[in-house]
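Note that the protein sequences, when read in sequence, are chains A and E.
Counting along the first sequence from 1, when you hit position 113 you're at 112 in numbering that gives the first Met the number 0, and nothing is skipped either side.
Counting along the second sequence from 1, when you hit position 110 you're at 109 in numbering that gives the first Met the number 0, and nothing is skipped either side.
Bear in mind the hints are in silico, worked out from the structure with no lab data behind them.
Misleading hints may appear alongside valid ones.
What the hints assert, rightly or not - List time: in silico DSS-like cross-link candidates among lysine-lysine, alpha-carbon distance up to 25 Å: (1) A:82 <-> E:178; (2) E:82 <-> A:20; (3) E:178 <-> A:100; (4) E:101 <-> E:178; (5) A:20 <-> E:111.
These numbers come from a predicted model, not from an experiment.
Number of protein chains: 2
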Amino acid sequence: MDLLERRIKEDGRVLPGDVLKVDSFLNHQVDPVLMAEVGQEFQRHFAQAPVTKILTVESSGIAPAVFTGYAFKVPVVFARKHKSVTLKDDMYTSVVYSYTKKVSNHIAIARKFLSADDKVLIIDDFLANGQAVEGLIDIINQAGAQLLGVGIVIEKTFQKGRQLLDKREIPVYSLARIKAFENGHVVFTEEQEQPDGGQQG
Amino acid sequence: MDLLERRIKEDGRVLPGDVLKVDSFLNHQVDPVLMAEVGQEFQRHFAQAPVTKILTVESSGIAPAVFTGYAFKVPVVFARKHKSVTLKDDMYTSVVYSYTKKVSNHIAIARKFLSADDKVLIIDDFLANGQAVEGLIDIINQAGAQLLGVGIVIEKTFQKGRQLLDKREIPVYSLARIKAFENGHVVFTEEQEQPDGGQQG
């Protein structure tokens with residue numbers, strides 16, 4: 000998605016440890032016009048998929064997820080993050096390790112909002128080591144729901160998240176794919192390197 | 000906003016302690032089509048206000064705030080919540096007490112996203128005791144920015160938040176105003192009781 004890659008080049012900041020800060024338009028300050036484009040692009044890509052529900056994790060996933068939900072006209076559920084969790088009968092929970100923050104969080108979704116009838120599209124802001132997406136997939140499996148695909152705003156192709164998903168043959172569509180950081184600059188993969196995650200339905 | 004009041008009557012659940020659960024369309028599962036209507040309604044109401052930025056608090060404020068930002072075509076900044084905070088030069092911070100959870104949280108906004116030139120509209124999901132809004136106002140004051148108004152999805156008129164804001168002559172527009180819970184049912188204020196918060200700009 001050219002619009003997004005341009006924005007990352009203009010406003011993203013590369014910090015030590017391969018951290019890309021995009022807090023001016025994605026995960027602290029949000030550009031809602033860009034997010035609406037993001038949502039429409041996910042809908043175009045997964046248009047053939049009979050999506051009944053969008054899943055994401057608070058907080059940075061919410062903005063791209065709700066605009067995707069708007070484009071599909073389906074509900075969005077955001078998993079809550081907790082430092083610890085009191086296991087409750089009415090919640091699905093999973094554990095997500097954050098490599099960036101070096102802490103484990105529990106994520107939880109109320110059972111009543113995810114059932115075996117649901118066909119789910121996961122939307123998230125970043126795919127790096129894939130831990131958040133793995134946690135959501137665990138919850139989808141607990142519910143007996145069907146995962147149709149994963150839409151990612153920014154993917155770091157050099158971390159292991161993408162391979163984990165490819166190995167399980169889950170269709171992944173990332174709007175910007177970063178293959179490296181060189182001298183503080185972002186290097187994107189070429190367009191043709193994008194595997195086709197669009198074989199839906 | 001009739002659409003919202005109907006939805007609260009149909010899908011909201013009243014729990015002991017005057018707690019209204021609206022997690023099926025607002026703060027866990029989100030109805031993005033309703034949120035788009037909410038954003039458009041805030042924009043219609045505050046149309047004369049020269050808003051440059053929308054402020055909210057993670058996580059439940061994000062969905063209504065980003066659709067409001069989309070309607071105004073301005074950026075949205077969501078304050079991050081932290082149990083504790085390391086005071087940093089590059090952040091504005093404030094303390095917010097939650098009466099529901101009986102804990103204090105710190106909220107923080109990066110200084111670079113709020114300046115003395117900004118004219119701010121605060122959007123939040125609930126107004127009860129007004130603590131979250133007060134925290135955001137504290138941060139707006141620290142930045143020397145101007146507060147133009149507050150847009151609330153659901154207000155509990157019988158708690159003190161609204162009076163706090165009225166006393167400071169801050170224009171408040173709430174889409175649904177609950178005056179009481181009676182036998183597990185929601186009682187809304189009458190339309191004409193809504194003070195005019197629309198005298199903007």
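Where does the structure disagree with the numbered hints, that is, which hint numbers, in rising order? Checked against the structure, the hints that fail are numbers 1, 3, while the rest are satisfied.
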